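J.: Residues per chain, in single letters:
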Amino acid sequence: MTDVAASPPAAGAPSQGQGLHTSDAARKRLKARYASEARFKFFGIAAVLTAAFFLVLLLSTIVGQAIPAFNQHYVTIPVDLSQESLDPNNEGEAVLRRVDYDAVVRNGLRSLFPYVESRGDRRTLGGLVSSGSAVRIRQAVLDDPDATIGQTSFAVPLDDVADLYFKGQVSEERFVETTGEASPTGTEGTIQILSTANDFRDLLADVKDFLGEQADEVERELASRERSLERAEIDIVSYRDRMPEEGADRREFFEDQVQILERGINGLNANIRDLTAELADLRARSTAAGADEVLTTELPSILVEINGGVVKASSINATAVEGEVIVPLTTTAAASGGDWSIREVVLPERNRKLDDRSLIYLDQLAAEERVERQFNMIFFSSGASREAELAGIWGAVVGSFFTMIVTLSLAFPLGVAAAIYLEEFAPKNRLTQLIEVNINNLAAVPSIVFGLLGLAVFLNTFGLPRSAPLVGGMVLALMTLPTIIIASRAALRAVPPSIREGALGVGASKLQTVLHHVLPLAMPGILTGTIIGMAQALGETAPLLMIGMVAFIVDIPSTPVDPSTVLPVQIFMWADFPEVLFRQKTSAAILVLLAFLVTMNALAVILRKRFERRW
Amino acid sequence: MFWLLFLALLLVFAASLYIGAQRSRQVAGPNTHVLHSRPSYHGGYLAIMATVPALGLLIIWSIAQGPIIDGMVVGQFSDEFEALSLPEREAFLRDARAIAFGGIVSFTDELKEAAAAIYENLYRISNMAMTVLIALLVIVGFRRGYSSIEPKRRTRHFVERAVMILLIACSVVAIFTTVGIVLSLIFESIRFFTMIPIHNFLFGLHWSPQSAFAGAGEVVDANPEVFGAIPLIAGTLFITFIAMLVAGPVGLFAAIYLSDYASNTVRAVAKPVLEVLAGVPTVVYGFFAALTVAPFIRNSGEGLGLDVSSESALAAGLVMGIMIIPFVSSLSDDVISAVPQSLRDGSLALGSTKSETIRRVVLPAALPGIVSAMILAISRAIGETMIVVMAAGLADNLTINPLEAVTPVTVQIVTLLVGDQEFDSAKTLAAFALGLLLFCVTLTLNFIALRVVQKYREQYD
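In order, the protein sequence lines correspond to chains L and C. Take -13 as the starting number for the first sequence in the working numbering and just add one per residue. Take 30 as the starting number for the second sequence in the working numbering and just add one per residue.
Bear in mind the hints are in silico, worked out from the structure with no lab data behind them. Treat the hints loosely; a few may be bogus.
[What the hints assert, rightly or not] Simulated pairs of lysine to aspartate or glutamate, EDC-like, Cα-Cα distance not exceeding 16 Å:
| # | chain 1 | residue 1 | chain 2 | residue 2 |
| --- | --- | --- | --- | --- |
| 1 | L | 27 | C | 189 |
| 2 | L | 496 | C | 289 |
| 3 | L | 17 | C | 385 |
| 4 | L | 496 | L | 562 |
| 5 | L | 339 | L | 158 |
| 6 | L | 339 | L | 284 |
| 7 | C | 383 | L | 158 |
| 8 | L | 27 | C | 385 |
Treat the numbers as computed from the prediction; the structure is a model and nothing was measured.
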């Protein structure tokens, strides 16, 4: 053991006399070690923060998507629900059931828009409200005829795109402040609007900018196509090179691939030609400042609101727009600056789900104060639907509920009984060791394998009904069984031997000891483990997909053998649908599921904190 | 019918509990300590004697009733049935049952009406016979039990032995589950391997079961070239590799930080965060991957000029890694905390920094546990389904480019079985073969993880 206290009389080295690190090299090494320590600690913190960041990102994207889904817009339309028009002879329910409520809705809408005349426009108008409006009116009439018959107005849900419009999610819009005086040339049909100031000139410049952006995008796409062309040509060359050295059937396969690639190249060449032409056109138009511009559906829409009417511009130049009157104007008098407005809908009509006419009609409805935003009860009280505005989670919630009941009633008794036997009574021999290994392995088997088991045994061998919560509950019970067994065994083991010995000492039998003394004391731990196991089962999707719970079930299930679906599977199915409202509803359904899970886990934690005893 | 009788037996059980207890008090007279067992045990004894044989008969009869009656109907119409194939026979019987008991019928003819009449008849006779027999068993059992209640009878032993049998039966269910999984998988896989040779499956490079048959509805041999599982295994391993690249370092460093550096407040906040990450259902992760992560990777890739698939392996692997982080972290945390403080103290006393202690003393001591944790995490990633169903591709693809789409084993199992497939075709049976492969691999990994811990674990004090 070296004596580090004595200062080393190194020849020629200046002796500092303080600490162990007396040479520069040593001090550098120390710095490096401290730096490495700081880095290590930093990595640790970074890891924890990364995990937290991912969680926050996940939750915030889901919550952000879900919040718009909790509200829904309704429009109040005038309806003719008088006794004479529905049931003139007072025959009762049979006749009321067969009334054409779609016509009632249509007529109501048309009465609000007397100037809408052509077939196409009428169809657009009809598409603004949900296709389930007629069903809702019929339901109201049948449920409570005395209150509903005689009503003159009814609130129906808006179609999902219209709903999104009122939530501001269809397109960005720009309002242009008007300074000049505008003079329309008519009140209906195709008219021109001239302005005395530069209002339209600035707008024209905006349109040109947009064309420039479009041109940039086409350029990018062109570059990507040319890259693909290069790659395809390289692939063909490599196939041709390798062909001589391969066998006969591989050569055939290569030939097929080469043919596919050559066809692809032809397509790509045509594509490149078109894109180049488009690029030239767009560049020309975007750089020709001040020239007239025809507003097609690929450009932003320009709507002029003047004199109580709305005009959709079809062409624009520096001083005037020409366009079609959608809502008739009241007069052709000139409107001073500020009394009329220009609206630019930035997303081109071609890229939107809502065309300009629908947009304008919806604005009219809103201006008449007929549109109301309400809490989305449909989401919580209806079953699934292909229409986004009518879809709800109630069917899935009831299905989940039945499935959980079946799982709990099967897994809990089986699991606790098995745990009691294995922990208290089983002789400690190889057989029980095998059983224990077996149960631990079952806990780690992927859930989809349980689904395969359910499919092969429950559905095919036993012939149980497909897609029923009964079968789903049985599969989930098999999955949860190992978790409950392991948790119960741990809880039983935690009860000290003194309790058992005390009971045995006053003459109880082994079974009486376990059932009357040990089990009640281990119950909090067992319940905690059960609740956690149930929470895991609630979120399971894969095994239920296997046993057929992916079917599209509209009715609410009333017994555990009716076909139904569960909430996670409903989320999975909705995630495939493209409508934006479905994306929002999926996020909202995820929030509902997470709320259930958080509640169950919180319950388990509370249970553990309050009732678990420390021996 | 079944549920009615079941309910009736339940009522008899409850009533017998009470009656038996009362009877035992009656025969004991004024001093109940003369009884060997407490009155409640006598009640249990009577209840078991009365209802258990009847319950057994009810279950066995109900299960056997269906096939036996079907066989009798087939026997009646044996000439007409000669001509029909198996599915047609099944359809006939199904329709006849629907006519007899109410249900949707495709079409009906004289033969089916006759068969339906026979069904109705046979079921009625069978149900009556079953009810009579059950009533008989209950009465006989009840009387024997009732008359044999006396102070010396050791009913407690009887009841306890019955309860033990029940407990053992429950434990056996867990074994039956494993046996059931293994047997059903093996059975269906063997049927698959008679159609497609096993070396095509294990060593083939091309997976495309949709193109296995020449045309719809044709009864042809499946093309064995398209059932090669290697692209699927490669896809699974690739996505798992990406997931472990994310989860391994993050989980391990988080565990190290939380066990050795973090203060109590930090630990009180960080542990729930990790538990929440662990508790989120995988379908939510899949939705997040498909909605946010994949488009983000696609847009950044296109911005850089790369060709990114919208179902890239990177997106699926990244989100799967996020899902596994708490797994790795909590298992490693347990192992690292289990290393005794004396080892750390000794190292610190020699002048090492904390990180050097961890790197040179703690981690090597905890290494078997950490390796086992990583292996278990890999096993979990291999078996994960929902994230990859929603975020990974469907076409087989052998590549090491993470920006392309690959398909893992679990996605193919789901794709093959979710839909209307006949159960005998090679396509659906291929799913079972894949399931068997998955089961064996995860079992082996778990076993290895266990052995690593058992063999290399250091026992301190």
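J.: Indicate, hint by hint, whether the structure satisfies it.
T.: Okay, the hints, checked on the actual structure:
1. As the CA atoms of residue 27(L) and residue 189(C) are separated by approximately 59 Å, the hinted pair breaks the 16 Å bound.
2. At most 16 Å may separate the alpha-carbon atoms for a hinted pair to count; residue 496(L) and residue 289(C) exceed this at roughly 45 Å.
3. Between residue 17(L) and residue 385(C) the alpha-carbon distance is near 14 Å, which keeps this suggested pair within the 16 Å criterion.
4. Between residue 496(L) and residue 562(L) the alpha-carbon distance is near 56 Å, which puts this suggested pair outside the 16 Å criterion.
5. Only pairs whose Cα atoms come within 16 Å are accepted, and residue 339(L) paired with residue 158(L) is accepted, the gap being roughly 14 Å.
6. Among the hinted pairs, residue 339(L) with residue 284(L) is consistent with the structure: their alpha-carbon atoms are about 13 Å apart, no more than 16 Å.
7. Restraint check for residue 383(C) and residue 158(L): not satisfied, since their Cα atoms lie roughly 55 Å apart, outside the 16 Å limit.
8. In summary, the hint linking residue 27(L) to residue 385(C) is supported, as the alpha carbons are separated by about 11 Å, within the 16 Å threshold.
Hints 1, 2, 4, 7, counting from the list given before, are not met by this structure.
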